[in-house]
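**Q** Sequence:
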Amino acid sequence: MRLHKEELIKIVEKIINAEGSEEELDNLIDVVEKNVPHPNVSDLIFWNEDELSAEEIVEKAMKYRPNLLS
727 MRLHKEELIK IVEKIINAEG SEEELDNLID VVEKNVPHPN VSDLIFWNED ELSAEEIVEK
787 AMKYRPNLLS
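The opening position of the sequence shown corresponds to residue 727 in the numbering used here, with each subsequent residue numbered one higher.
Among the hints, erroneous ones may be present.
Computed Cβ-Cβ distance ranges for the label pairs, DEER-style [unchecked claim]:
no., residue 1, residue 2, range
1, Asn766, Arg728, 15 to 25 Å
2, Lys740, Tyr790, 31 to 41 Å
3, Leu795, Asn766, 11 to 21 Å
4, Leu794, Asn753, 13 to 23 Å
5, Leu794, Glu745, 32 to 42 Å
6, Pro765, His730, 28 to 38 Å
7, Glu745, Trp773, 29 to 39 Å
8, Asp756, Lys789, 30 to 40 Å
Heads up, simulated DSS-like pairs for lysine-lysine below, C-alpha to C-alpha not over 30 Å straight-line [stated by the list, open to error]:
no., residue 1, residue 2
9, Lys760, Lys736
10, Lys736, Lys786
11, Lys789, Lys731
12, Lys736, Lys789
13, Lys740, Lys789
14, Lys731, Lys786
15, Lys786, Lys740
Source of the hints: derived by calculation from the structure; they are not laboratory data.
Ideal Cβ placement from N, Cα and C applies to all residues, glycine included.
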């Protein structure tokens, strides 16, 4: 089941705000990782230098396209 953008934003907000136990947050990260193509979405959440909002993180993660070498 794929989650909608709005649902992913709410989940990322919970992760950013540390709303839950470590296990619950790990599970939420897994959910996000399974619903976006970005291979390092946790880096966008925890180590982004641009202070991205939850919405910006989700947008960036959903727009990700790998660079294919020919």
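**Q** Hints first: check each against the structure and report whether it holds.
**A** Each hint, compared with the structure:
1. Asn766 - Arg728: 15 to 25 Å: holds (19 Å)
2. Lys740 - Tyr790: 31 to 41 Å: Roughly 21 Å apart at Cβ, these two residues miss the hinted range, so it is violated.
3. Leu795 - Asn766: 11 to 21 Å: Because 19 Å falls inside the window, the suggested range holds.
4. Leu794 - Asn753: 13 to 23 Å: Hint violated: Cβ distance 32 Å, outside 13 to 23 Å.
5. Leu794 - Glu745: 32 to 42 Å: holds (37 Å)
6. Pro765 - His730: 28 to 38 Å: At roughly 21 Å between Cβ atoms, His730 and Pro765 fall outside 28 to 38 Å, so the hint is violated.
7. Glu745 - Trp773: 29 to 39 Å: violated (19 Å)
8. Asp756 - Lys789: 30 to 40 Å: violated (21 Å)
9. Lys760 - Lys736: Holds, because 15 Å separates the two Cα atoms, which is no more than 30 Å.
10. Lys736 - Lys786: holds (15 Å)
11. Lys789 - Lys731: holds (11 Å)
12. Lys736 - Lys789: Since the Cα atoms of Lys736 and Lys789 sit roughly 18 Å apart, the hinted pair holds (cutoff 30 Å).
13. Lys740 - Lys789: Holds: Lys740 and Lys789 sit about 21 Å apart, inside 30 Å.
14. Lys731 - Lys786: Holds: Lys731 and Lys786 sit about 11 Å apart, inside 30 Å.
15. Lys786 - Lys740: holds (18 Å)
Violated hints, listed in ascending order, are 2, 4, 6, 7, 8; each of the other numbered hints is respected by the structure.
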